[in-house]
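Participant: Sequence:
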Amino acid sequence: MNPTEVLRKYNKYAVVGATRNKEKFGYKIYKTIKNYDKTVFPVNPRYDSIDGVFCFSSISEIPEKPEVVVAVVPPRATDKLIDECKRLGIDVMWLQPGTYNDATLQKCKDVDIEAVYGACIMLKLKEQ
Numbered sequence: 281m282n283p284t285e286v287l288r289k290y291n292k293y294a295v296v297g298a299t300r301n302k303e304k305f306g307y308k309i310y311k312t313i314k315n316y317d318k319t320v321f322p323v324n325p326r327y328d329s330i331d332g333v334f335c336f337s338s339i340s341e342i343p344e345k346p347e348v349v350v351a352v353v354p355p356r357a358t359d360k361l362i363d364e365c366k367r368l369g370i371d372v373m374w375l376q377p378g379t380y381n382d383a384t385l386q387k388c389k390d391v392d393i394e395a396v397y398g399a400c401i402m403l404k405l406k407e408q
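If you read the sequence shown in the numbering used here, its first letter stands for residue 281, the second for the next number, and so on.
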């Protein structure tokens, strides 16, 4: 599935690596998805809320299963995230630039998770 198809098909996103720091991509991505009328769940164990919205410490805590998990974390954390997505039955991950390597992509393939990579979700949303 290409990035445009994912954005058209799915409306519930979890942003893993969301942050309160307005200069970081974790914040910018969270806000951009939210501004495009998508349901977005911030995920970061360091925060209890971001902009007054409850922040989950892991995707397993989110009461509504996200359709897409957006990784804004280093590749080693993305690898653990793949396992959590598989366990929860989430089969689409958007891997932001810098969050993956060849082994990460292979792991997604091995566990049948659709990996969207090579494109920034913020830029793709703005192209819609």
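If you're looking for bench data, these hints aren't it; they were derived computationally from the structure.
Careful: at least some of the hints might be erroneous.
In silico BS3-like cross-links for lysine-lysine, where the CA-CA straight-line distance does not exceed 30 Å [claimed, not checked]:
#1 K366 / K389
#2 K318 / K345
#3 K389 / K360
#4 K314 / K289
#5 K292 / K366
#6 K292 / K302
#7 K304 / K360
#8 K304 / K406
#9 K360 / K314
#10 K387 / K311
#11 K389 / K302
#12 K311 / K404
Participant: Which of the numbered hints are not met once you compare them with the structure shown?
Facilitator: Violated hint (a single one): 11; every other hint is consistent with the structure.
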